[in-house]
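Q: Chains as they are written, first to last, in the working numbering: chain A, 822 to 1003; chain B, 822 to 1003.
A portion of the hints provided could be inaccurate.
Note that identical chains are pooled: a pair holds if it fits in a single copy or bridges any two copies.
[Stated by the list, open to error] Capping the alpha-carbon separation at 25 Å, the derived lysine to aspartate or glutamate pairs in DMTMM-like fashion look like this:
1. Lys-823 to Asp-865
2. Lys-945 to Glu-870
3. Lys-823 to Glu-936
4. Lys-935 to Asp-865
5. Lys-823 to Asp-976
6. Lys-935 to Glu-985
7. Lys-850 to Asp-865
8. Lys-823 to Glu-849
9. Lys-935 to Glu-856
10. Lys-850 to Glu-930
11. Lys-939 to Asp-865
12. Lys-986 to Asp-873
13. Lys-850 to Asp-946
14. Lys-850 to Glu-985
15. Lys-935 to Asp-873
16. Lys-995 to Glu-927
17. Lys-939 to Asp-873
18. Lys-850 to Glu-971
19. Lys-823 to Asp-946
20. Lys-945 to Glu-907
21. Lys-841 to Glu-985
22. Lys-935 to Asp-976
23. Lys-945 to Glu-900
24. Lys-850 to Glu-927
25. Lys-939 to Glu-971
26. Lys-995 to Asp-953
27. Lys-939 to Asp-834
28. Lys-939 to Glu-849
29. Lys-823 to Glu-982
FYI, nobody ran anything at the bench for these hints, they're computed from the structure.
Protein chains: 2
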Amino acid sequence: MKILVDMDGVLADFDAGFLKIWQMLYPEKSFIPLELRTTFYVVDQYPAELSDLVRQTIAAPGFFLSLEPIMGCVNALTEMRQLGHEVFICTSAITFFRNCVVEKYEWVEQHLGKEWVKKLVISKDKTIISGDVLIDDRPIVAGCVTPTWEHILYDQPYNREVSEKRRLNWMNWKSVLFSAAA
Amino acid sequence: MKILVDMDGVLADFDAGFLKIWQMLYPEKSFIPLELRTTFYVVDQYPAELSDLVRQTIAAPGFFLSLEPIMGCVNALTEMRQLGHEVFICTSAITFFRNCVVEKYEWVEQHLGKEWVKKLVISKDKTIISGDVLIDDRPIVAGCVTPTWEHILYDQPYNREVSEKRRLNWMNWKSVLFSAAA
Chain A
822 MKILVDMDGV LADFDAGFLK IWQMLYPEKS FIPLELRTTF YVVDQYPAEL SDLVRQTIAA
882 PGFFLSLEPI MGCVNALTEM RQLGHEVFIC TSAITFFRNC VVEKYEWVEQ HLGKEWVKKL
942 VISKDKTIIS GDVLIDDRPI VAGCVTPTWE HILYDQPYNR EVSEKRRLNW MNWKSVLFSA
1002 AA
Chain B
822 MKILVDMDGV LADFDAGFLK IWQMLYPEKS FIPLELRTTF YVVDQYPAEL SDLVRQTIAA
882 PGFFLSLEPI MGCVNALTEM RQLGHEVFIC TSAITFFRNC VVEKYEWVEQ HLGKEWVKKL
942 VISKDKTIIS GDVLIDDRPI VAGCVTPTWE HILYDQPYNR EVSEKRRLNW MNWKSVLFSA
1002 AA
């Protein structure tokens, strides 16, 4: 099986990392608790007057590298490979790419090891990457072609309204991935 | 048509850039003139005792961003898009990724413009990227699957021994690309 795995919100805990830094830097400002997050992009759920500050926080040096691995993700990836599957990490860079791209490489090296760096694919359009499944927390993954993969949602509070796709987390991934497609 | 275009040796003049910096930094050391380059990797054609120095030169800050665009490449990419083709820039990062990845983004932004940054795909394995053709100077582009694309060689001195593939440069690309496959 060829398994594509998204990075932010699937391997790297973007939301928890953002909230932690946000509350540390701006303890007086409002914030959205993790379980109440309803939009895919964090910035879309914050008041408009805080948009620039949210974007700056995410684009700042060190943000992407500081993200914690989502519990169970390292074991899951290791096991996928041990089971003989081809695994690629498929991620997009943010528009302010300067810190983001290199830190995504550093993150993979640090948390998964050098061998996984070769499996990192950075592309805005994931439909052009071929695979059997794409595990991604984004409600809709669109692009210029009809993808070869089935999109399986990585379960997050902000994608719960999507009902027609299979969803998994790093606790139940094996039973979901290896059950028949919905 | 979906056209994948490699970056080093196709858009960015890696060999000329390397030689220029090498001769500037180490005027006393031996060098390989461009037309006598016979190996895909520059380092493989230099004496073993210079290997580390060659690798350091390539991994140094500023190297990738300093590369000149290969003459005609910007017009070719612009024209491909105007003709209605989907174009993606497909490049690999070197093992010492720290300067390389961000400078590839900066290079695209600087020489092709912001819109093209969204079309940049970084992947060690290009066989998993779907397309009709891949324009690449590497003699053999291998990976984990059979690619959907036809590999068309971007003509370079170091790939002249390959005879079974179509080859083009930015002067004749239209007639080659739009002629029937060999």
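Q: If a hint holds in the structure, say so; if it doesn't, say that too.
A: Here is what the structure says about each hint:
1. Taking the shortest Cα distances, Lys-823 and Asp-865 never come within 25 Å of each other, neither inside one copy (33 Å) nor across copies (33 Å).
2. Taking the closest pair of Cα atoms, Lys-945 and Glu-870 never come within 25 Å of each other, the shortest separation being 27 Å inside a single copy and 41 Å across copies.
3. Taking identical chains as interchangeable, the C-alpha atoms of Lys-823 and Glu-936 lie at most 25 Å apart only when both belong to the same chain, with a minimum of 17 Å there against 30 Å between chains.
4. Taking the shortest Cα distances, Lys-935 and Asp-865 sit within 25 Å of each other only across copies (23 Å), while inside one copy they are farther apart (35 Å).
5. For the identical chains of this complex, Lys-823 and Asp-976 are intra-copy neighbours only, at 20 Å inside a copy versus 33 Å across copies, given an alpha-carbon limit of 25 Å.
6. For the identical chains of this complex, Lys-935 and Glu-985 are neighbours neither inside a copy (36 Å) nor across copies (35 Å), given an alpha-carbon limit of 25 Å.
7. With identical chains, the CA atoms of Lys-850 and Asp-865 are at most 25 Å apart within one copy only, with a shortest distance of 16 Å there and 56 Å across copies.
8. In this assembly of identical chains, the alpha carbons of Lys-823 and Glu-849 never lie at most 25 Å apart, being 46 Å within a copy and 50 Å across copies at closest.
9. For the identical chains of this complex, Lys-935 and Glu-856 are neighbours neither inside a copy (33 Å) nor across copies (35 Å), given an alpha-carbon limit of 25 Å.
10. Taking the closest pair of Cα atoms, Lys-850 and Glu-930 never come within 25 Å of each other, the shortest separation being 34 Å inside a single copy and 35 Å across copies.
11. In this assembly of identical chains, the alpha carbons of Lys-939 and Asp-865 lie at most 25 Å apart only when taken from different copies (21 Å versus 33 Å within one copy).
12. Taking the shortest Cα distances, Lys-986 and Asp-873 never come within 25 Å of each other, neither inside one copy (33 Å) nor across copies (50 Å).
13. Taking the closest pair of Cα atoms, Lys-850 and Asp-946 never come within 25 Å of each other, the shortest separation being 34 Å inside a single copy and 44 Å across copies.
14. With identical chains, the CA atoms of Lys-850 and Glu-985 are never at most 25 Å apart, being 36 Å at best within one copy and 64 Å at best between copies.
15. Taking the shortest Cα distances, Lys-935 and Asp-873 sit within 25 Å of each other only across copies (20 Å), while inside one copy they are farther apart (35 Å).
16. In the homo-oligomer, the alpha carbons of Lys-995 and Glu-927 never lie at most 25 Å apart, since the shortest distance is 27 Å inside one protomer and 40 Å across protomers.
17. Within a single copy, Lys-939 and Asp-873 get their C-alpha atoms only as close as 34 Å, which misses the 25 Å cut-off; across copies the closest is 21 Å, which meets it.
18. Proximity of Lys-850 and Glu-971 under a CA criterion of 25 Å is satisfied in neither setting, with 40 Å inside one chain copy and 54 Å between copies.
19. Taking identical chains as interchangeable, the C-alpha atoms of Lys-823 and Asp-946 lie at most 25 Å apart whether they share a chain (18 Å) or sit on different chains (13 Å).
20. For the homomeric pair Lys-945 and Glu-907, the shortest alpha-carbon distances inside one copy (21 Å) and between copies (14 Å) are both at most 25 Å.
21. Neither within a single protomer nor between protomers do Lys-841 and Glu-985 lie at most 25 Å apart by alpha-carbon distance, with minima of 32 Å and 56 Å respectively.
22. For a Cα distance limit of 25 Å, the shortest separation of Lys-935 from Asp-976 qualifies neither inside one copy, at 28 Å, nor across copies, at 33 Å.
23. Taking identical chains as interchangeable, the C-alpha atoms of Lys-945 and Glu-900 lie at most 25 Å apart only when they sit on different chains, with a minimum of 22 Å there against 27 Å within one chain.
24. Taking the shortest Cα distances, Lys-850 and Glu-927 never come within 25 Å of each other, neither inside one copy (31 Å) nor across copies (34 Å).
25. Taking the closest pair of Cα atoms, Lys-939 and Glu-971 come within 25 Å of each other both inside a single copy (23 Å) and across two copies (23 Å).
26. Within a single copy, Lys-995 and Asp-953 get their C-alpha atoms as close as 15 Å, which meets the 25 Å cut-off; across copies the closest is 34 Å, which misses it.
27. Taking identical chains as interchangeable, the C-alpha atoms of Lys-939 and Asp-834 lie at most 25 Å apart whether they share a chain (21 Å) or sit on different chains (24 Å).
28. In the homo-oligomer, the alpha carbons of Lys-939 and Glu-849 never lie at most 25 Å apart, since the shortest distance is 42 Å inside one protomer and 36 Å across protomers.
29. Proximity of Lys-823 to Glu-982 under the C-alpha cut-off of 25 Å is found in neither arrangement, the shortest distances being 27 Å within a copy and 34 Å between copies.
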